[in-house]
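Enquirer: With these hints in hand, go ahead and build the complete structure from the sequences.
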Amino acid sequence: MLAHVKSGSAFQLLQMLAEEDPVVQEEIRNKSFILGLSVAGGMKRSVRISDSRITPLDGSVKGAGVIFRFPVYNELNNLLSGKKTKMLPILRSLAAGKIIAGFKTLTSRIPVYINAEPDFLDKNFRAVTRMLICAALRGIKEVAENDSYTAARVAGIPDGIIALQVENDAGLEARIEKSGSSFTVTTIADGRIPNAVLTFKDADTAHKLFTGKINAVVALGTSDVRIRGRIPMIQGLFPILDRLSYYMAIE
Amino acid sequence: MAEEYKFDNSVELFKRAVEVIPGGIYGSKAPGFVIPGSYPYYFRKGKGCRLQDADGNEYIDFLCGYGSQILGYGHDEVDDAAERAMRDGDLLNGPQASMVELAETLTGQIDGMDWAVFAKNGTDTTSLAVSVARVHTGKKKIIMARGAYHGAANWCSTNVFPELTDREDVLSFTYNDTEELSRLFSENKGEIAAIILTPYHHPAFDRQIMPADGFYSTVKILSEAEGALFIMDDIRCNFRLSPSGSHSFFGVEPDLVAMGKSIANGQPISVLMGKQTVKKTAGSFFITGTFWMSGMPFSASLTTLRIMREVNLIDHLNRIGSMLKDELESLADEAGLKAEISGAPAIPFLTFTDDPDLYINQIFCSEMTKRGIYLHPHHNWFISYAHKDEDIEQTLETAKEVFKITASML
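Chains as they are written, first to last, in my numbering: chain F, 1 to 251; chain Y, 1001 to 1410.
Hints in this document: simulated from the structure, not taken from any laboratory. There could be a bad hint or two in this list.
[Said to hold, decoys possible] Heads up, incomplete: computed chain F residues facing chain Y, CB under 10 Å, no partners named:
1) LEU94
2) GLY97
3) ASN115
4) PRO118
5) THR150
6) ALA196
7) VAL197
8) VAL225
9) PHE238
[As the list claims (entries may be wrong)] Okay, the calculated bits of chain F under chain Y, using three or more residues with CB under 8 Å as the criterion:
10) 151-164
11) 213-221
12) 227-235
Just so you know, even glycine gets a beta-carbon here, dropped at the ideal spot from N, CA and C.
Expert: Written as structure tokens, this is what we have:
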């Protein structure tokens, strides 16, 4: 489960880095490759780099130039936590060395944003906040789709779209859509009217909430976070968010 | 235009609460059940149909303590009766005569019910009803309508955790869908202990639905063929449809009836009533609670029931409720909005057509509340005997302005 959450969030962040980070944008310019992760008898997922975009691909390592194959989930978690890991790199491309080096460069940018230094945060506050929102939604998706503990509660969430917005900042929006047992995260508003909306008073509130500096219950009570629309959809996310926090706290 | 209300004291109390109370406020009273920023969380006092919140804001209230205050807040006669019981010691070593008197009164008043067991909250009695049904029939499964609220116990609430298995034998169907209900009975033949229903469907976050023609007759046929008991959860509608029980209003004959909320005008008491055929089973249960024999609620209930009979309560509630419904729908129409009030006149709930996610509803109810008319955006409203013509007139005057504001915000 932890591997699902970490790899899902990491790939989501890579996708957003391609939109936000000049270093990543430079790294992927004119490059085209797929890198896959697979765990023996379990999860498969990959990222495709092409047309100056990074796209996470769930359930497949098809076309990957390099596949990092892990004997157990814990080894994948070690990689995603920056620790030593046991894995077998399966090289399917003559450019495998460059793919691995490029992937390392890309992933090295994640902590720059997620654990941002104060100066960097000041200059990139909006981008960091946007990435945190989307990574959290991706984490929710992974928990909702894969965690048996929350399965019964997830089943009770009505289908539809929840939008996370920041007041007076139309660009700072991300969405999660539930359809049956599957969830989809989108990093921009797509024109459809959401069934429920969670609005942060400002980007600072969103940032503080997703970095654990303020309590979600308090933020709701003080209306720093506002909810409208089909409220049970948003209420349904809270236990999943709690569960996500549980996984994120695991070292 | 009147100045909009502020809720600073409520917010400050809530901030203190979350430090020492999990979630700050729990259940249906939590900020997330209304619209934070537009509603108070804490209250000071109420009188009649008027309510004052922790910031001193005053409201004409249409929630009535979630239905309990059927005669109005702080009703002098009821409170005097409760106070006398309190001064007599209230909680003694055993019950007082008032418990027997109340059981006698209720069995004489509620259609088809031969006995009464008293508890504190609705959940106590719906849960007891389910247990009684299981033991009486020797079967486990319970059928309920999807989205119906039967209390906060794990067998019927949203407390769905892998560790809690209470919901495993609870099946649900779409209210009024007799085909789905028939299928459930058929697929679980020989296993169903009971079907539990509210008199009509009043889920949160949705319009209210009356029973369709033939629905109750199907319930009767299916449950009798299965040997399952029929439990009527009359907690919320209690005494707002009929003085003889809401099942009497719909002409149905449940085996067990759970009542609460309005039965003592806000004093804590609930009751499970049943037919003679189930009495022996009910008597075989060990049930009690430290405060279940407290005298105040029994005295308050006896007085409440007497006053309800004396004032012809149902006629008043229906007249006031109909006035509110007709005029609100008409005022919405004038503002270019299409509103519908669903449910019984005494238990109305407003929704707007083409607004399944309640966005418009939330704007309207929030703006009304910020102007002194407390309307819940997600839960049905209640009319009490304390609502008089002038309260409805003031409500409608505010609504006229707020419908226009709502329309301008869309």
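Enquirer: F/VAL225 was flagged as interface toward chain Y. Is the shortest Cβ-Cβ separation under 10 Å?
Expert: Holds. Min distance 8 Å.
Enquirer: Closer than 8 Å, Cβ to Cβ, for at least three residues: run that test on the region 151-164 of chain F against chain Y and report holds or violated.
Expert: The restraint on the region 151-164 of chain F holds, since 4 of its residues have a Cβ under 8 Å from chain Y and three suffice.
Enquirer: Please check whether F/GLY97 passes as an interface residue: C-beta within 10 Å of a C-beta belonging to chain Y.
Expert: 46 Å, violated
Enquirer: Classify the hint on F/PHE238 as holds or violated, based on whether any CB of chain Y lies nearer than 10 Å to its CB.
Expert: 8 Å, holds
Enquirer: Please check whether F/ALA196 passes as an interface residue: C-beta within 10 Å of a C-beta belonging to chain Y.
Expert: Since the shortest Cβ distance to chain Y is 7 Å, the answer is holds.
Enquirer: Three residues minimum, CB to CB under 8 Å: does the region 213-221 of chain F make the cut for coverage by chain Y? Let me know.
Expert: Coverage by chain Y holds here, the residue count being 5 at a Cβ distance below 8 Å.
Enquirer: Do the numbers back the hint for F/LEU94, that is, is its least Cβ distance to chain Y under 10 Å?
Expert: 49 Å, violated
Enquirer: Report holds or violated for the interface hint on F/THR150, using the least CB-CB distance to chain Y and a cut-off of 10 Å.
Expert: 9 Å, holds
Enquirer: Just to be careful: measuring from the Cβ of F/PRO118 to every Cβ in chain Y, is the smallest value less than 10 Å?
Expert: Not OK, violated: F/PRO118 not within 10 Å of chain Y, min 27 Å.
Enquirer: Minimum Cβ distance from F/ASN115 to chain Y below 10 Å?
Expert: 27 Å, violated
Enquirer: Checking hints one by one. Is F/VAL197 an interface residue toward chain Y, by the C-beta closer than 10 Å rule?
Expert: 8 Å, holds
Enquirer: Under a C-beta cut-off of less than 8 Å, do 3 or more residues of the region 227-235 of chain F approach chain Y closely enough to confirm the stated coverage?
Expert: Result for this restraint: holds, n = 8.
The structure is inconsistent with the numbered hints 1, 2, 3, 4, although it conforms to all the rest.
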